[in-house]
Amino acid sequence: MPASPDTAPILRMQNVSKTFPGVKALRNVQLTVYPGEVHALMGENGAGKSTLMKILSGAYIPDPGAEIEIDGTLVQIDGPLAAKARGIAIIYQELALSPNLTVAENIYLGREARRGFLIDRAAMYAGCGDILRSLGATFGPRTLVGDLSIAGQQMVEVARAIHQRSRILVMDEPTTALSSRETEKLFQIILRLKAEGLAIIYISHRMAEVYELSERVSVLRDGGYVGTLSRDEIQPESIVRMMVGRDLSSFYKKEHKPAGARTPVLEVMNLSDGGRVKSGSFTLHAGEVLGLAGLVGAGRTELARLIYGAEPRTAGTVKLNGQPVDYRTPGEAIDGGVVYLTEDRRAQGLFLDMTCGDNINLGVIGRDAKWGGWLDRVRGRLRSLAPIKAMAIRVPGPEIPVGTLSGGNQQKVLLSRLLETRPKVLILDEPTRGVDIGAKSEIYRIIDELAQSGAAVLVISSELPEVVGIADRVVVMREGRTVGEVSGHDITEQSIMAFATGVDIEKVAA
Amino acid sequence: MSDTVSASKPERQRLRQEQMRSLIRSIGMLPVLIVLGILVQLAGIYFTGEGRFLTWQNLSIVAQQASINAVLGAGMTFVILTGGIDLSVGSILAAAAVVGLEVSQVAGNLGVLAALLTGLVIGLGNGVLIAFLKLPPFIVTLGSLTAVRGLARLLGNDTTVFNSDLPFAFIGNDSIGIEGVFEIPWLVVIAFLVIVGSWLILRRTVLGVHIYAVGGNQAAARLSGIKVWAVLLFVYGASGLLAGLGGVMQAARLYAANGLQLGQSYELDAIAAVILGGTSFVGGIGSIWGTLIGALIIAVLTNGLILLGVTDVWQYIAKGAVIIGAVALDRYRLRGSART
Numbered sequence: 115m116p117a118s119p120d121t122a123p124i125l126r127m128q129n130v131s132k133t134f135p136g137v138k139a140l141r142n143v144q145l146t147v148y149p150g151e152v153h154a155l156m157g158e159n160g161a162g163k164s165t166l167m168k169i170l171s172g173a174y175i176p177d178p179g180a181e182i183e184i185d186g187t188l189v190q191i192d193g194p195l196a197a198k199a200r201g202i203a204i205i206y207q208e209l210a211l212s213p214n215l216t217v218a219e220n221i222y223l224g225r226e227a228r229r230g231f232l233i234d235r236a237a238m239y240a241g242c243g244d245i246l247r248s249l250g251a252t253f254g255p256r257t258l259v260g261d262l263s264i265a266g267q268q269m270v271e272v273a274r275a276i277h278q279r280s281r282i283l284v285m286d287e288p289t290t291a292l293s294s295r296e297t298e299k300l301f302q303i304i305l306r307l308k309a310e311g312l313a314i315i316y317i318s319h320r321m322a323e324v325y326e327l328s329e330r331v332s333v334l335r336d337g338g339y340v341g342t343l344s345r346d347e348i349q350p351e352s353i354v355r356m357m358v359g360r361d362l363s364s365f366y367k368k369e370h371k372p373a374g375a376r377t378p379v380l381e382v383m384n385l386s387d388g389g390r391v392k393s394g395s396f397t398l399h400a401g402e403v404l405g406l407a408g409l410v411g412a413g414r415t416e417l418a419r420l421i422y423g424a425e426p427r428t429a430g431t432v433k434l435n436g437q438p439v440d441y442r443t444p445g446e447a448i449d450g451g452v453v454y455l456t457e458d459r460r461a462q463g464l465f466l467d468m469t470c471g472d473n474i475n476l477g478v479i480g481r482d483a484k485w486g487g488w489l490d491r492v493r494g495r496l497r498s499l500a501p502i503k504a505m506a507i508r509v510p511g512p513e514i515p516v517g518t519l520s521g522g523n524q525q526k527v528l529l530s531r532l533l534e535t536r537p538k539v540l541i542l543d544e545p546t547r548g549v550d551i552g553a554k555s556e557i558y559r560i561i562d563e564l565a566q567s568g569a570a571v572l573v574i575s576s577e578l579p580e581v582v583g584i585a586d587r588v589v590v591m592r593e594g595r596t597v598g599e600v601s602g603h604d605i606t607e608q609s610i611m612a613f614a615t616g617v618d619i620e621k622v623a624a
Numbered sequence: 040m041s042d043t044v045s046a047s048k049p050e051r052q053r054l055r056q057e058q059m060r061s062l063i064r065s066i067g068m069l070p071v072l073i074v075l076g077i078l079v080q081l082a083g084i085y086f087t088g089e090g091r092f093l094t095w096q097n098l099s100i101v102a103q104q105a106s107i108n109a110v111l112g113a114g115m116t117f118v119i120l121t122g123g124i125d126l127s128v129g130s131i132l133a134a135a136a137v138v139g140l141e142v143s144q145v146a147g148n149l150g151v152l153a154a155l156l157t158g159l160v161i162g163l164g165n166g167v168l169i170a171f172l173k174l175p176p177f178i179v180t181l182g183s184l185t186a187v188r189g190l191a192r193l194l195g196n197d198t199t200v201f202n203s204d205l206p207f208a209f210i211g212n213d214s215i216g217i218e219g220v221f222e223i224p225w226l227v228v229i230a231f232l233v234i235v236g237s238w239l240i241l242r243r244t245v246l247g248v249h250i251y252a253v254g255g256n257q258a259a260a261r262l263s264g265i266k267v268w269a270v271l272l273f274v275y276g277a278s279g280l281l282a283g284l285g286g287v288m289q290a291a292r293l294y295a296a297n298g299l300q301l302g303q304s305y306e307l308d309a310i311a312a313v314i315l316g317g318t319s320f321v322g323g324i325g326s327i328w329g330t331l332i333g334a335l336i337i338a339v340l341t342n343g344l345i346l347l348g349v350t351d352v353w354q355y356i357a358k359g360a361v362i363i364g365a366v367a368l369d370r371y372r373l374r375g376s377a378r379t
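These protein sequence lines are chains Y and H, in that order. Following the numbering used here, the numbering of the first sequence begins with 115 at its first residue and continues without gaps. Following the numbering used here, the numbering of the second sequence begins with 40 at its first residue and continues without gaps.
The hints are simulated quantities; they were obtained by calculation from the structure and are not laboratory data. Check each hint, because a few of them may be wrong.
Cut-off 27 Å, straight-line C-alpha distance, at most; resulting in silico cross-link-like pairs (DSS-like, lysine-lysine) [as the list claims (entries may be wrong)]: (1) Y:Lys138 / Y:Lys371; (2) H:Lys266 / Y:Lys433; (3) Y:Lys368 / Y:Lys392; (4) Y:Lys538 / H:Lys266; (5) H:Lys266 / Y:Lys484; (6) Y:Lys168 / Y:Lys198; (7) Y:Lys368 / Y:Lys538; (8) Y:Lys371 / Y:Lys392; (9) Y:Lys299 / Y:Lys198.
Stretches of chain Y that chain H covers, calculated by requiring three or more beta carbons in the stretch to come under 8 Å of a beta carbon on chain H [claimed, not checked]: (10) 216-228; (11) 445-458.
The C-beta atom is built at its ideal place from N, Cα and C for all residues, glycine as well.
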């Protein structure tokens with residue numbers, strides 16, 4: 115293995131700060147990366163990882179005083195092209211490919227092979243065939259990118275980086291949408307690239323991956339540099355402590371007690387949409403937090419949307435307080451007391467240009483309105499002030515556009531909108547996705563209080579520690595079916611994973 | 040600022056910044072309008088020796104010229120706020136005017152009602168296709184731009200429909216107020232009422248919030264229980280209805296309507312007014328006052344160029360250049376926050 119500290123660093127960033135209007139996103143951050151190493155970059159959401167990488171890729175210009183050296187020479191990265199010319203390539207979580215073009219066209223995008231004025235497709239197909247083969251791709255250069263799986267598309271991005279002779283490759287949470295087999299394959303590719311002397315900056319929240327792959331780990335917290343651990347110092351506990359700055363005891367809240375005589379509120383039986391959801395069944399009781407776990411793509415979100423009336427069902431029944439219900443629109447579900455928090459708050463939840471107040475009130479302005487649909491603005495203001503205070507939403511006033519808030523505060527605004535309708539059943543889809551650690555624990559507290567007050571809460575989550583930490587019972591989905599349930603002390607990451615992946619099931623049952 | 044929410048110093052500063060930005064946004068193009076007015080006046084003095092622009096009589100003419108476009112622009116504002124577009128308003132105006140005049144020949148003032156209904160029905164037709172068949176608004180209204188133009192000609196037997204004894208002609212030609220002292224043309228009164236009514240709907244009703252919500256994020260609107268179809272039906276219906284009202288105003292002014300010529304390319308002026316007013320083309324951001332200012336900018340420009348004796352050909356070129364220039368200026372000014 116090409117050792118690190120004996121060789122000269124390929125990249126050295128020092129004194130990097132970045133100020134946005136009103137926010138200091140980075141304060142004197144440093145990062146040193148050697149060729150042939152996988153360098154993990156860790157930190158909570160909002161710690162500044164993305165900002166640092168955007169500076170490296172030329173998307174942001176750092177504050178004056180920052181020093182970026184590549185191969186020991188001081189360089190100015192003043193745009194994406196400059197970064198590319200220095201051999202820096204970034205693979206973002208949201209892949210930057212054109213689905214309507216072929217693999218070869220994507221790899222050559224912006225640097226098309228030409229013959230005179232004409233595009234030389236034959237040369238392009240030939241030129242990237244080798245790279246694709248070396249990566250072990252099962253598709254050819256003529257395949258449409260839109261036809262590939264996420265893993266395949268990621269491979270195209272890697273191929274593009276190799277083809278551009280990139281020497282520093284940044285990967286931002288590359289395994290989020292991959293199955294375990296695809297992840298395994300990606301790791302092999304990463305190891306090969308490392309052996310060829312590339313430096314890989316690997317951003318991930320998953321401790322196991324970081325442990326498996328990386329030579330060194332650098333940790334950021336609140337826009338500042340905390341430290342770098344070398345391979346033999348890497349330990350989950352120390353990394354978490356560096357990321358959070360405090361111990362995690364009493365992080366999850368579970369003070370509510372599932373009532374002895376449990377009243378079923380929501381009973382879902384064999385629900386199906388004829389596609390992604392084949393058969394979903396579970397019972398949700400009053401005053402209970404039920405976890406819905408499963409791998410990405412297992413059909414959890416789709417099942418929730420069926421219950422909520424966002425998509426039409428083809429089979430199955432839903433009962434609310436014993437009465438069969440068939441919501442055809444989300445509006446009907448809300449009127450019935452069932453609300454759904456989307457996993458994608460920016461695209462499906464919030465109205466980013468509208469104020470916090472309007473966003474909070476949106477579900478109830480119809481109920482509050484005077485005759486003829488006239489807004490009750492006094493009441494609306496009161497309604498928006500109360501949750502801002504109760505949920506500690508950090509915003510100077512309800513007239514601020516919600517798009518300017520941080521992820522955690524946005525999530526609390528969206529949650530407030532649901533709570534204002536006084537729901538009996540809450541379906542919360544990834545309620546802590548993309549929120550910082552402080553807001554996370556506040557959201558857990560809110561969920562706990564909701565259960566205490568008698569609401570029935572279904573939490574869909576891909577973060578196993580979260581599910582284990584807050585749920586009274588956990589229902590697990592696999593490939594569109596609810597396949598198992600664990601409760602009480604049996605709720606462990608292992609037992610949930612066993613159901614979610616379908617392996618080891620006998621061992622768990624035994 | 041509320042005292043129940045604790046605000047630290049930087050937060051208060053941010054609040055002030057935010058208020059400033061929304062102020063700039065709502066004032067929008069007003070400075071452009073004022074500067075344009077002054078320029079036209081100065082150019083008049085410089086080139087022709089007399090400033091005829093800033094006279095009560097001329098300003099009244101400008102307001103009248105802006106009135107029909109402002110009414111169409113109000114409907115267009117509803118539509119564009121939802122992220123849509125209505126290309127058919129010029130054709131609807133023609134069809135409504137023809138129907139209004141024909142009905143007025145036999146039933147007098149019922150012609151007004153007939154014209155409004157014509158506009159409403161065609162607009163709702165657009166709305167049904169967009170809301171229920173989920174067809175793209177551009178394509179639906181591009182189709183009805185052509186089809187309704189044909190309908191307008193058909194309804195008038197492809198000739199000009201006259202009514203020299205039009206009972207509602209006062210709308211187009213008379214004023215309200217004390218004669219000789221203070222008069223406001225009916226056209227201007229109607230346009231102003233439409234603008235105020237639209238403002239009330241957009242800012243003071245649940246429907247208005249829902250219109251902004253649908254334009255801001257249609258997926259989120261659906262998930263949060265808003266009846267998106269009802270909102271779409273309303274905005275296209277309103278656009279059609281207001282185009283019908285524009286037809287009444289136009290017919291009342293001319294005592295005549297020609298299905299072929301009336302309202303040609305009015306949709307473009309209405310869209311220009313909305314865009315000049317700072318309303319985002321992707322929906323969710325904008326105000327009706329902006330549209331009013333946009334319509335006034337277009338009218339001032341047209342009027343000023345005529346006063347200066349600029350030929351028709353150059354008027355077109357100048358108008359187009361000002362529209363692009365003004366929006367470019369706006370973009371530049373709101374850099375970073377805007378997404379027109």
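Going through the hints against the structure:
Our distance criterion of 27 Å between C-alpha atoms is broken by Y:Lys138 and Y:Lys371, whose separation comes to about 42 Å. Using a Cα cut-off of 27 Å, the hinted pair H:Lys266 and Y:Lys433 holds, with the two alpha carbons roughly 24 Å apart. For the proposed pair Y:Lys368 and Y:Lys392, the alpha carbon gap of about 32 Å is over 27 Å, so the pair is violated. Annotation: proposed proximity of Y:Lys538 to H:Lys266 holds, straight-line Cα distance about 22 Å (limit 27 Å).
Annotation: proposed proximity of H:Lys266 to Y:Lys484 holds, straight-line Cα distance about 19 Å (limit 27 Å). The hinted pair formed by Y:Lys168 and Y:Lys198 meets the criterion: a straight-line CA distance of about 13 Å does not exceed 27 Å. Our distance criterion of 27 Å between C-alpha atoms is met by Y:Lys368 and Y:Lys538, whose separation comes to about 19 Å. Restraint check: the Cα-Cα separation between Y:Lys371 and Y:Lys392 comes to about 32 Å, which exceeds 27 Å; the hinted pair is violated.
For the given pair, Y:Lys299 sits about 26 Å from Y:Lys198 by alpha-carbon distance, which is consistent with the 27 Å threshold. For the stretch 216-228 of chain Y, the stated coverage by chain H is not satisfied: 0 residues place a CB nearer than 8 Å to a CB of that chain, which falls below the threshold of 3. Counting residues of the stretch 445-458 of chain Y whose CB lies closer than 8 Å to any CB of chain H gives 6, so the stated coverage by that chain holds, three being the minimum.
The structure fails hints 1, 3, 8, 10 (numbered hints given earlier, in ascending order).
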